[in-house]
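Asks: Residue strings, one per chain:
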Amino acid sequence: MNLNVEAEKKNTYDAIVVGTGITGGWAAKELSEKGLKTLVLERGRDVKHGDYPTANLNPWELPNGNRPTQEDLKTQGVQARTGYTIRPDSKHWFVNDLEHPYTETKRMDWMRGYHVGGRSIMWGRHSYRWSDLDFEANAKDGIAIDWPVRYADMAPWYDYVESYIGVSGQSENYPYLPDGKFLPAMELNCAETELRKSVKEKLNRIVTPGRVAHATAPMPHTPWRGQCQFRNMCIRGCPFGGYFSSNACTLPAAEKSNNMTLRPNSVVYELIYDEQKGKATGVKVLDSETGEQVEYYAKVIFLCASTFGSTFIMLNSISKRFPNGFGNDSGELGCNIMDHHLGAGANGRIDGMEDQYYSGRKAAGFYIPRYRNIGKDKRDYLRGFGYQGGGSRQGWARGVAELALGADLKMMLTEPGKWSIGMTGFGEFLPVHSNRMTINHNKKDKHGLPVIDFDAEYKENELKMRKDMMTDAAEMLEAVGAKNINTYNNLAAPGIGIHEMGTARMGKNPKTSVLNKYNQVHACKNVFVTDGSFMTSASCVNPSLTYMAFTARAADYAVSELKKQNL
Amino acid sequence: MNSLIDRREALRKTAMLMGAAVSASTVAAFLEGCKTRLELTYKPLFFNEDQALLISEASEIIIPKTDTPGAKEAGVPNFIDTLVKDCYKEEDQKKFLEGLSEFDQNATKAFGKRFIEGSPEEQLGYLKKVHDEAVNAKKADPKTPQPFILKLKELTLLGFFVSEPGATQVMQYIAVPGSYKSCIPLKEAGNGKAWATS
Numbered sequence: 025m026n027l028n029v030e031a032e033k034k035n036t037y038d039a040i041v042v043g044t045g046i047t048g049g050w051a052a053k054e055l056s057e058k059g060l061k062t063l064v065l066e067r068g069r070d071v072k073h074g075d076y077p078t079a080n081l082n083p084w085e086l087p088n089g090n091r092p093t094q095e096d097l098k099t100q101g102v103q104a105r106t107g108y109t110i111r112p113d114s115k116h117w118f119v120n121d122l123e124h125p126y127t128e129t130k131r132m133d134w135m136r137g138y139h140v141g142g143r144s145i146m147w148g149r150h151s152y153r154w155s156d157l158d159f160e161a162n163a164k165d166g167i168a169i170d171w172p173v174r175y176a177d178m179a180p181w182y183d184y185v186e187s188y189i190g191v192s193g194q195s196e197n198y199p200y201l202p203d204g205k206f207l208p209a210m211e212l213n214c215a216e217t218e219l220r221k222s223v224k225e226k227l228n229r230i231v232t233p234g235r236v237a238h239a240t241a242p243m244p245h246t247p248w249r250g251q252c253q254f255r256n257m258c259i260r261g262c263p264f265g266g267y268f269s270s271n272a273c274t275l276p277a278a279e280k281s282n283n284m285t286l287r288p289n290s291v292v293y294e295l296i297y298d299e300q301k302g303k304a305t306g307v308k309v310l311d312s313e314t315g316e317q318v319e320y321y322a323k324v325i326f327l328c329a330s331t332f333g334s335t336f337i338m339l340n341s342i343s344k345r346f347p348n349g350f351g352n353d354s355g356e357l358g359c360n361i362m363d364h365h366l367g368a369g370a371n372g373r374i375d376g377m378e379d380q381y382y383s384g385r386k387a388a389g390f391y392i393p394r395y396r397n398i399g400k401d402k403r404d405y406l407r408g409f410g411y412q413g414g415g416s417r418q419g420w421a422r423g424v425a426e427l428a429l430g431a432d433l434k435m436m437l438t439e440p441g442k443w444s445i446g447m448t449g450f451g452e453f454l455p456v457h458s459n460r461m462t463i464n465h466n467k468k469d470k471h472g473l474p475v476i477d478f479d480a481e482y483k484e485n486e487l488k489m490r491k492d493m494m495t496d497a498a499e500m501l502e503a504v505g506a507k508n509i510n511t512y513n514n515l516a517a518p519g520i521g522i523h524e525m526g527t528a529r530m531g532k533n534p535k536t537s538v539l540n541k542y543n544q545v546h547a548c549k550n551v552f553v554t555d556g557s558f559m560t561s562a563s564c565v566n567p568s569l570t571y572m573a574f575t576a577r578a579a580d581y582a583v584s585e586l587k588k589q590n591l
Numbered sequence: 158m159n160s161l162i163d164r165r166e167a168l169r170k171t172a173m174l175m176g177a178a179v180s181a182s183t184v185a186a187f188l189e190g191c192k193t194r195l196e197l198t199y200k201p202l203f204f205n206e207d208q209a210l211l212i213s214e215a216s217e218i219i220i221p222k223t224d225t226p227g228a229k230e231a232g233v234p235n236f237i238d239t240l241v242k243d244c245y246k247e248e249d250q251k252k253f254l255e256g257l258s259e260f261d262q263n264a265t266k267a268f269g270k271r272f273i274e275g276s277p278e279e280q281l282g283y284l285k286k287v288h289d290e291a292v293n294a295k296k297a298d299p300k301t302p303q304p305f306i307l308k309l310k311e312l313t314l315l316g317f318f319v320s321e322p323g324a325t326q327v328m329q330y331i332a333v334p335g336s337y338k339s340c341i342p343l344k345e346a347g348n349g350k351a352w353a354t355s
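If you're matching them up, the sequences are chains D and X in order. Read in order, the letters of the first sequence correspond to residues 25 to 591 in this note's numbering. Read in order, the letters of the second sequence correspond to residues 158 to 355 in this note's numbering.
Each hint should be verified, as a subset may be incorrect.
Unchecked claim - Looking from chain D toward chain X, a few residues come up when the C-beta cut is under 8 Å (computed):
1) W84
2) C214
3) R255
4) Q412
5) S416
6) D432
7) L437
8) T438
9) K442
10) G446
What the hints assert, rightly or not - Capping the alpha-carbon separation at 20 Å, the derived lysine to any residue pairs in SDA-like fashion look like this:
11) X:K295 <-> X:K344
12) D:K507 <-> X:K295
13) X:K295 <-> D:L81
14) D:K221 <-> X:S339
15) X:K285 <-> D:G430
16) X:K242 <-> D:L86
17) D:K402 <-> D:N162
18) X:K246 <-> D:N82
19) X:K286 <-> D:A431
20) X:K350 <-> D:G204
21) X:K344 <-> X:T354
22) D:K98 <-> X:F260
23) X:K338 <-> D:R220
24) D:K34 <-> D:R220
25) X:K251 <-> D:N162
26) X:K229 <-> D:T438
27) X:K338 <-> D:K98
28) X:K338 <-> D:G101
29) X:K242 <-> D:K34
30) X:K246 <-> D:Q94
31) X:K300 <-> D:T438
32) X:K285 <-> D:A421
In case anyone wonders, no lab produced these hints; they're calculated from the structure. Cβ atoms here follow ideal geometry from the backbone N, Cα and C, with glycine treated the same way.
Isolated chain D (complex conformation):
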């Protein structure tokens, strides 16, 4: 008995954070800096900042021109569905699909990495604020349920996280894409500037430098971080700390507080619920290296294990009080899967400006904020889309289709080719109850844990929107006088946007939502879920900045509630 009490004491903290990705890192930093003894559990291997094995390799040091081998595709075939992740320079950041399988009643492209830092190492870094156009959308359209917050609630938290992570960008004073606390923008290049002018003049739409979480100025509050070096090799991990990641920023900050204990190789598979106390008392962990099962205890638990990861833990936490999954009184847990749908857009050639070029490799192109279904514009679908794109001068690949050969070909390719511009839409995805995940007990992962089954698909609204995503892109390229415009609409499957969200949504009513407005489980106040699972709708902008803002806000609330002894 005494031994057990000792063990329990040893394994007891003020707070537990599950996951070290973009939200886990934030929860770790905020809770530990506010004085809580915080245990941070990561299911994957440890990765210290700088521990990025391919980060400094030159093109000739990567095998096969950085193409995946057939062997890679055997073990990471699902992760390779993006077409750009399973390459020698970045494949080690993505899971082995044979060890970590899932089943697909309908196809789901679930891209993920199990290591300290999670997808904050490989993320796209685009960071956009939501506006009330987004927060009010469900209420106005009568779709799903209303958000329990508005932009005014979130604006200070956007300020807070932007100031910390560093977001390069340009103010546009456009109400549907609020400006933020920006570091110097990654300026538009010659072709992109022409696009901006033409699109503004002829279509009254905005083409702005991509707002990306890059340190384009010194970051004195995180002095261990350097600035962006314009290498554009971000997916490999940045030894300079040029962009925001948990490894480069929040985890070192948490460590400096001396209140954080980080435990890698710790697969959390269940929350421990105390029926008497009506609280979660801890988590059950499987050590992925030793197979040992351990329990850890805390007053407050933050689930930041990624949307499907956290929802899996909740669905797998069955008790008398929660027979259908943790906090699942509403029946919404695992439902309402959303993502952004992409792969529709256009590209074209821009003649002229041949004596103009650029130097350095910009890690962001341009962004075109949503303009559809705003003001007088009414479409045959709800919501809208934004674009990410870029302009550049063509490289050597153009030589394949040219008649030139030999010394002529070689000479031709020493010079940059024509300018070209491409853009692809990122469309909003409506929440639908039937788009869901469940636990499939018939299949097991390498730890012997049951796997997730996905049953989600694009619906009519998404499909209708894609036509505009394609033709509007061509229209904007025509506006700038592009030639050889090529349009495309390549439908993949949900998940391919790597913005999966919505499976434990927040709302005002516990009967229709899992979390309240502070990301707190309605039915169990000492558990917070702050990764993408809390999202009530999807907007069309990249979500990470919003996840970070909600996480920081939830951590602040949790600590104040703890102090008031409300948890």
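Please arrange chain X on chain D, whose structure you already have, making use of the hints.
Replies: What follows is chain X alone, placed relative to chain D:
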């Protein structure tokens, strides 16, 4: 090296038959020429020796040595061997070898010899003809399946421009640019050549 030995032997016999008409040094130079042109600088793991020699010669025609290294010196033949072995699906490997074999057979139809046995002029003339027809066919109908010669051209360009000489001497490459200049005169963008990576 069977094909080369046979060729050497044939030449020797020819020289003997021709007696004094061909000096020993001319034969030696000829043989020496063959030897330098048809030697592999690596040990192929996917292609057989004849296939590897064809790839090697053809890639050097596509990107020859000028005042900067060509495909061979940049290691392109080895690169292609490894890439086709490791990255191609089995069916694509098969198609590639079929294309290679057809390319070689058509060389015999065109100039009476196997590709690797042709003179530099014969090889260039034939390769250019096949290449130009393929490029024009692709231009006329972009949906035409990529013929062997364009697959080879693509692999050659890839292998060459990810190589150190291709990236740093023919194009330009800076590992750590440190800054970004968005729109500047071409001649002020480094040394004014195209950037090897984007």
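Asks: Does the alpha-carbon distance linking K242 of chain X and L86 of chain D stay inside the 20 Å limit?
Replies: holds (16 Å)
Asks: For the pair supplied as a hint, K338 of chain X and G101 of chain D, is the alpha-carbon distance within the 20 Å limit?
Replies: violated (38 Å)
Asks: Holds or violated: is there a CB of chain X closer than 8 Å to the CB of W84 of chain D?
Replies: Hint on W84 of chain D: holds, closest Cβ of chain X at ~5 Å, below 8 Å.
Asks: Between the alpha carbons of K229 of chain X and T438 of chain D, is the straight-line distance 20 Å or under?
Replies: holds (18 Å)
Asks: Check whether the Cα positions of K344 of chain X and T354 of chain X lie no farther apart than 20 Å.
Replies: Within the cut-off at roughly 18 Å; holds.
Asks: Given Q412 of chain D as an interface hint, is the shortest Cβ-Cβ distance to chain X below 8 Å?
Replies: Violated - the Cβ of Q412 of chain D stays beyond 8 Å from chain X, reaching only about 15 Å at its closest.
Asks: Less than 8 Å between beta-carbons is the criterion; does C214 of chain D satisfy it with respect to chain X?
Replies: This hint holds: C214 of chain D lies near chain X, its Cβ roughly 4 Å from the closest one there, short of 8 Å.
Asks: Hey, does the G446 of chain D contact hint survive, CB to chain X under 8 Å?
Replies: Nearest chain X Cβ about 12 Å off; hint violated.
Asks: Starting from K300 of chain X, check that the Cα of T438 of chain D is at most 20 Å away, please.
Replies: Judged against 20 Å, a Cα distance of about 28 Å means the pair is violated.
Asks: Given the hint that K338 of chain X pairs with R220 of chain D, does the C-alpha gap stay at or below 20 Å?
Replies: This hinted pair holds, its Cα atoms lying about 18 Å apart.
Asks: K242 of chain X and K34 of chain D were given as a pair; does the straight-line alpha-carbon distance stay at or below 20 Å?
Replies: Between K242 of chain X and K34 of chain D the Cα gap is close to 54 Å, so the pair fails against 20 Å, i.e. violated.
Asks: Check whether the Cα positions of K285 of chain X and A421 of chain D lie no farther apart than 20 Å.
Replies: holds (19 Å)
Violated hints for the displayed structure, listed by number in ascending order: 4, 6, 9, 10, 11, 13, 18, 20, 22, 24, 25, 27, 28, 29, 31.
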